[in-house]
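Q: Hey, can you piece these two chains together into the complex? The hints should help.
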Amino acid sequence: MAKLTLNEWVARLKKNKSFLHSVAAIVDIPEKVGDWEDYPSWVNPQLQSVLKKHGMERLYKHQAQAIRFIRNGKDVVLVTPTASGKTLCYNLPVLQSILEEPETRALYIFPTKALAQDQMHEIYSLITDLKADIKTFTYDGDTPDDARQAIRKQGHVVVTNPDMLHAGILPHHTKWQKLFMNLKYIVIDELHIYRGIFGSHFANVIRRLVRICRFYGTNPVFICCSATVANPREHAEKILEREVALFDKSGAPTAAKTFILYNPPLVNRELGIRQSAMTPARKIAADLIENDIQTIVFATSRLNVEVLTKYLKDKFVRTKPQDDHFVTGYRGGYLPNLRREIESGLREREVMGVISTNALELGIDIGNLEACIMVGYPGSIASTWQQAGRAGRRTGRSLAMLIARSNPLDQFIMENPDYFFSLSPEHCRINPDNLLILLHHIKSAAFELPFEKGEKFGGENLEEFLQYLEEKGVLHRTDDRWHWAAESYPADEVSLRSINPENVVVVDTTEAGKHKVIAEVDWDSAFTAVHDEAIYMLASEQYHVDKLDLEGKKAYVRKVDSNYYTDAMTYTNVRVIDSFENHKDAGAIVEHGEVQVVRKVVGYKKIKFYTSENLGYGDVNLPEKDMHTTSYWFTIPRDRLRKLNFTAAEIIDGLSGLAYTLHHLSAMYLMADTHDIDRSLGDKSGEWFVNQGKTGRIITSFGSGRPENLDDKSGARIDEFDPTIFIFDSYPGGIGFSELLYREHANLLTAAKSLIEKCPCAYGCPSCVGPTLEVGKTAKEIVPKIVELIIGE
Amino acid sequence: MNSIEKLKHLTGEKTKAPEKPSSKQVQIDELRRRIDTITSRRLHQHQSVSEKKFDADKINLSEIVAGEETENDHGRFFLASEVVRGSSRHGHRNIRETFGLDMKAAALLANEPSIAYLNSSDALFLDTETTGLAGGTGTMAFLIGLGWFEDGQFHIRQILARDFGEEKAALAYLGEIAGQKKFLVTFNGKAFDVNLLTTRFILNRLKSDLAGLPHLDLLHPSRRILGHRLENSRLATLEAEVLGVEREDDIPGWEIPQRYFDWLRHRDGRLLASIFEHNRLDVISMATLTAHLTEILTAQEFIQNSDAGDYLAAARLLLKRNGPDGAEKILSMFQEQSCAEFSYISKKQLSHLYKRTGRWREAVQIWEEIAATSPTDFSAISELAKWLEHHVRDYRRAQMLIEKALDQEHAFSAEERGSLLHRLQRLNDKLKTAR
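Going line by line, the protein sequences match chains A and B. Mind the numbering: the first sequence is residues 1 to 793 in this note's numbering, read in order. Mind the numbering: the second sequence is residues 794 to 1228 in this note's numbering, read in order.
Keep in mind that the hints were calculated from the coordinates and are not lab data. Note that the structure is predicted; figures quoted are calculated from it, not measured. Hints are supplied without guarantee of correctness; some may be wrong.
[Claimed, not checked] Across the chosen pairs, the derived CB separations fall in these ranges:
#1 B:R998 with A:E241: 22 to 30 Å
#2 A:L335 with B:M1193: 28 to 36 Å
#3 A:D549 with B:R1058: 44 to 52 Å
#4 B:E1024 with A:D492: 52 to 60 Å
#5 A:E241 with B:R1058: 31 to 39 Å
#6 B:N904 with A:K131: 52 to 60 Å
#7 A:D673 with B:K851: 55 to 63 Å
#8 B:K851 with A:E533: 54 to 62 Å
#9 B:G868 with A:G141: 35 to 43 Å
#10 B:N1115 with A:G141: 38 to 46 Å
#11 B:T1166 with A:D492: 50 to 58 Å
#12 B:N904 with A:R349: 54 to 62 Å
[Said to hold, decoys possible] Here are some chain A residues the structure puts well away from chain B; computed CB gaps all over 10 Å:
#13 T309
#14 T357
#15 E460
#16 A519
#17 A667
Think of the CB as a built atom: it goes at the ideal place given N, C-alpha and C, for glycine as much as any other residue.
Excised from the complex, chain B in its bound form (with noise of 0.2 Å):
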């Protein structure tokens, strides 16, 4: 018995008797109807496919995906590319919305002063499919999808592996466009895409200056942002709830890898397809997000699709970022407005950011709004109440609030008793002198 009979043996595994299809044949049976349930789903829909069912014949993937075979010093690989004109919609968007973005917001965005002095033809917008969560050097990017913006329109071009062995000259060709880009843009590439393609780098001998990058990897705004509204901070979720973009028989992220695999024994372009426009819409969505994100820093007025609490959320960023005067622009639209719509905890986030800014008329009109509906609010009466004590000196008026709010039994919890009770021992304390 040869070593691999032996191991055979030892992993129990049987040969089978030889009236039952060989396992080949059951793999290719398997791989049959895998396809099957594939293109019985509708393509994007430019593109229109047969319905017809798999059949011995392959469909090349030039002959479904707008792409070519490309070359260059390190081999070939397979290449798409398009141009999405201005007036393409996305979403909510036309795609020309989202050239010319603000700068300064998306250095802030980014928490990386330099995108400052950049400008939005400088962004390389980056997303990989990977045959594998799990990184280490055991996962490749056989997709590297890229975008950006130029002369009016926005640039879209997909790099394919379409075997193991064209890596390199893919990721060769991926380090000629970074060269000529100025920061990078992805969900998410902080923790995953860059680290990933660093080591695809170095495995294949190549040199890349890709981690040194400045980078906007828009996961960690989203979040900030928006994630007040969104149950989670998914691409896809972001992209529905907020950039009103519908995908219609979108593949699952989960079974990206294991098609790619099917693809590298069996070839037929179908297989791919849908991974192309999967990738294609991530890299778009995320231009638009920029977009979306740095305008709502940069708001005059409310713009649609957006929320009350978005706004809350970018000006406590921009009070971290550039201080009291960061929140100024949007502070300045919420007192236009009325807040009486507001939630309450957008209430009292707009409360706060008021008063940190020295806003305190507006931010007592919010309170006195607050104790008026709910007269044992605790935040809001001791608001009212340091406000009087320390801004107004008014301490009779703040000694009359608090004991009416304690007159209310079961109105508080011991701690919160406890707090305005101390407070209201150093009125009366100051008042006593004061006579």
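One chain only, chain A, in its complex shape (with noise of 0.2 Å):
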């Protein structure tokens, strides 16, 4: 049979109608043409020709624009799509200023050691082709003893990562006297990965490794990149906490584009079941390679690389069987010589096939695939577009198809393809100043350079906190400067990636005397996710937890097989301590501000597997976790509500439907985690909350000040008082998503609606309001309406 071009290829599919049945949208983007500059005068005439001879004839205008401003000593971000050259943009003023002055250093920083491996192999190959004197190193906790030495004298750029940067190196800063004091670059690559709780502590070493800085006399010029979020210039500058430029408009030309959504079709209408994304993708994906077109699969686990892998390996077999890569799986995992190795079979076309977890998302230029296909959504929309465009770089047509999941985040995007082709909603949020973790840093801080009197380092009184550590011992004062005088090693005592560093380590005890480390949970979740009989998954495993040891930070579980999972029931209330902000809106007063949360895990829900059936519930007696946290709220007046003719309880269940989409939709703009934030539904001054119990919905009252639950909904005084939804961050201290959503009400309450009303479901589900066992039957319809009372349509 004739193979097909790409075009002739996607022709065909558009003209299938048994296909077309499942597609949730199709969208051809056009191809865009370059904008191209010259070389500036000043580029070393050698560094040029090695460009040009890697491929960059001219430069693209977005480049030759960032390496001026560069050269003038601005700081940079730049958020342009993948395959647009930004490593070019600060690999050449860093060569180029080595060239110049043979003393220079620069410093890299990359999330991850595999895309720090990867990085330097590229400038490595530049290095090689000048044939000049430049050293660039990897420094990170694989790198050998002996190496570090010269590392830290010789090498012109160093390779590093934040956590090596936090624990290994500012710690040690005397001993990179050498760079420190020649360090003109600082480049922080996937800028976007630092939000959160991650992002808050990263921001927090940059503010240290810039104090160190200005002890040996350096002003380096920070260069970032950035996949594209709503907030790019913001979150830089809220990272660097000094004026960034942003360079947004790509030069690089791209290939005409088709993205297609597909949504596998339903097998079980009443349960919400469809066809498993993998169905579909396997299929897709043989006939693109048997066509000669190559096709690079994301999935989102290890088992489904894995399984396609070998699926298409078997396909290909009978035609292709003395090429072992043929088809091949590639995971961040593999050995750098491995995945060099793939890598060159993509670019020299003996390795048609790819099948990757988001490994690759971050990673160099592998050539000119043509199709790309993610099953599953992989998060976040930026992640789907740093994935989508590892297809088609340079000419022709090129593809990207997203095959849905069963799963609630999925199925909004496919209901909701507006949302993902539009300008994008998601945020990068972060909050240096949280308390607890502005604390850990000023230890660490004052252990590299003592402090003195007038400096800053945040945003809060920082006086104030070196009397607290002094108070506690860890820190001398001696005339006006703050010593640190403890034995401890304070970088230790942090991890960059939770707030409160103590985990509780996962026992596997299913081997008699043979007990090993499985796990470790962080603090904060542990109370959902390993309470004594919890069902607590691990890598497609499953484990049943004896028993949680709260004071020995230890859970001991058991390996089962067992066909459900258990979902953690919290009873939450929130009390308002303080409002930064406030407006009324046509139909409500919405606020943000700091809460007083307290949660209780009292019981779980066992569900089973693939059908979500509740299969009974079980108690837990853990204690209360009190916290100061931020939250967003708003408050609907009851007149208002009375206006509605529902009852009392279908008013609750509604409320309660519009809470849960709300926490999803919000989880999304900040690209976190749902557990990341958390709901409750409430009155403002901490009199009722509404929570989930065993048979249904729980008012807890507070009235008679002593916690009393009445299950009778109707017989709540909710009439008697403003009912309140709170988004509030899940952890102590807050990590600066209640700002943003409070800016966001609107659109988030408009998106909220729009999506109750699109999804197809009958009375509710998880991908809109939240199973109708907890909201009720009534809540899809009703929440529509309540929104539009609120936003006063």
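A: Right, dumping it as structure tokens:
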């Protein structure tokens, strides 16, 4: 059979009626011509010729502009798509500077070791062609001891990651004197990854880095690269605490791209179960590869990668038996040599199909792939475009296809293609002044250099913190300086990915006498993830929690094969401590500020796999958790609610459904996990709260001073109070989410309404208002009316 | 609520009810208890300190440690000075015996040839006491102990930064002294002390060439030469087992950082006294240890308080650095000794040294002695067989030797048996062609 070109293949697909039936959207993005500029005159001629040899005859316009800004000492953030040559925007100025002044140093920060290695390889090949004496090294946990000294003294470009910078480099900065005294550039790649808790920590690591540069008398230029998000400049400026120039218009030419959102058909309408995304994925990938169309497939788990790889290898073993690499898997965990081999195989078109987890989303140029199939939504719009960007770099047409899985997030995207294709609503939010996080880094900073009176670190009153630490005995004040006065090493006491560094260790006791630690769960999640009797899942294995030892911080588990998973039930109540901002909308009072949250895990549901049936409940006896954090909330005056012709019970159902929807939408806007924020429905003054009990909704009333559970919804004195929906940060001290939600309030509600109205389910489902068992059958009908009330349509 | 109150709430610190003693009071009581335990220990024999309990009066440092406040361009610090007479005893030696070190031997111990051209008065002995072992920029060397030889005496200086603000002046003084000396002697200084001091110089924006000085770090040669008979290579162990130094009530190393932090808050001299003493003894021990090690390398005869194994280890070191001639003197010493009392391992090591330096007669003698008492000792049999085969060329005797050994059942491991058979085969072939 004759082979089709990609154009022909797409055309054929568009005529396939049964395929089209399940398509949620097809968008043809037109090709874009390139916008070029000549190399500026100051670029070293040898460097120019090497870059030309590597394919860059001229520079893209955005590259030329960016490097001009950088040369003038301005900090920049680049937000151009994959394959637009962002790497050149930093490698060129860095190499140029080193050629002009051989003692120049640069620091490259990447989020993962694999990415660091790939980038090192990239700059290394430029240097080799330049035949210049420029040394680049990665410096991370794997760097052998005897290599470390040489790297510190001689490395022109040092490539590292945030954890190494935090615990390995900054606290030993005197050993890096040569680097810091000559540091001209700091490159931060994948800036959008530094959000939430990780981002808040990272911003503080940068504060310490800048402080140390100041000690050595340098003021390096920051060059940041980010995926497309709604607020790249704001994000960069928040991390760097200085003005940053934004470059988001790419001058790189792109091929025409057909983008398809495909939703596998329903196989069980009642329960809402769809055909597995793997089925169309493998058929389509096989078809493309058979037509010699080079394809990359992204799957959301290692298991799925293995399954697809095996299927495709088996399929082609008959036609291409000699070639083991014709179709191959790819993982960040593969050794660098193997990864280089696969990448070169892709460039040479010896490898026609590659299946990967998101590792290749981060990585260097792999050549001219034509098609990209994503099996399951990668979790954010930014990630999806990064993956899709792997197909069709230069000419012709390219294809990107997102195949949805059954989970709510995927389904949301399918039902709301506008959300996906319009301007990104995804924001990167951080709170570098979270008190707990800030405190840790002030300690680390004091270890690195004593603090002097009048110094600033962060947005809080530094001297108060220093006095506090003095009282605690870790700092000692002499004249006007605070010195580190303890034996410990503060960088070891903090993990950059959590607020409370004390984790609960999960111990597998399946084999008697051979207990082993299989995971660590951070303290904040432990109560819901590993309470007694919970089913804990790790790498597709199930474990039953026999005992959670709170004092010893250990969870003892045993491997099981169960047909259900558990979902913890938490009673939450929220009390307002301070309101930072508020405004009155047509139908509600909207605010954000500081709250006190008390949460108690009271039990759990047993939920059957695949069908999501409820198999029963269990009790849990755990202490309350009390924390202060930040929240966004809005209150609806009860008079307005009365105007709707619903019973009090129905109104509560509706509000619960709305809270559920907003919770999930907020997580999407923030590119956060649904566990990073939480919701509560109650009364602003803290008199009563709605929680999910075993037999349905429970109203917990605090009116008499002590909590009182009222099972009878209609008896709830809801008519006497104004209901409030809270969406708060799950972490003590707040992570910076609530301010954004406050600003996006109207958009969130409009999106919620649209989502619910469009959802094809009958009465409600996990994709819109939540399982009907929790929100009742009328929720779906009521919520849109409530929203109309709030935003005043 | 201000930030700190919020912070305290977040970290779960609750405010206590007023009837409990204030935290400050609790701290002082705790400190009082600690000081009491300290002062109830007897201190250095030259200084008598009344054992009365801690009362409100602090004791000044200068009343308890022989030193005084000193000033230079960078500020003030506390300096304790001492001149140790040659006749003083430290362990097995008089201090006088540590003068006039053999510099070639010292260079060998340090693996640093330039030291051979220096004098022992060019040495700067250095040991620091620090606020922690973590390393990194947050650790300070609050006490720097120095020692050197001058005019027939051993001078000691102990530089104390009484507070963080005095560190710069203390380091500057160290820099001055180091500038007059030409090489360093430390114990584990290469990995720790010098790195730390270099970091402190940078943090205080002072220039220093400490890291560039030739450096004899006694840890490594001690391990090499004495490690075979000691359970670890700590200075304390070496002191006790080899140098014969006994310390009374020595402060354990792990207590030192906290002691200094307590001093910062309470400025009672008694807190630091034992640290000074500990540091002082460390410096003197390094001097006598250097003397001891160099003497082993240059020995003409077995000296007291040494072990045959020490000399063998030294011989191996000399062999490595200087080639076959290096171990001459030591091996001559052994030639005059009966090795009957040596341990098996020592005998083997000695025989190898003899072999490598061409002293076949002595080597064979040992192998024969070993074979006589243990007829199935693989290495002795092998070596004798090799010697007979390649040097004496008496294939017959070699053959008989191996056959006799192989006759013993269960005597050798499979590998050893294989090796002997292989050799036997070769001998048989040679004997055949000879006919």
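Q: Next step is simple, just say for each hint if it's right about the structure.
A: Comparing the hints with the structure gives:
no. : hint                            : verdict
1   : B:R998 with A:E241: 22 to 30 Å  : holds, 26 Å
2   : A:L335 with B:M1193: 28 to 36 Å : violated, 57 Å
3   : A:D549 with B:R1058: 44 to 52 Å : violated, 37 Å
4   : B:E1024 with A:D492: 52 to 60 Å : violated, 30 Å
5   : A:E241 with B:R1058: 31 to 39 Å : holds, 35 Å
6   : B:N904 with A:K131: 52 to 60 Å  : violated, 37 Å
7   : A:D673 with B:K851: 55 to 63 Å  : holds, 56 Å
8   : B:K851 with A:E533: 54 to 62 Å  : holds, 59 Å
9   : B:G868 with A:G141: 35 to 43 Å  : holds, 40 Å
10  : B:N1115 with A:G141: 38 to 46 Å : holds, 41 Å
11  : B:T1166 with A:D492: 50 to 58 Å : holds, 56 Å
12  : B:N904 with A:R349: 54 to 62 Å  : holds, 56 Å
13  : T309                            : holds, 45 Å
14  : T357                            : holds, 36 Å
15  : E460                            : violated, 5 Å
16  : A519                            : holds, 25 Å
17  : A667                            : holds, 24 Å
Violation of the numbered hints given earlier is confined to hints 2, 3, 4, 6 and 15; the remaining hints are satisfied by the structure.
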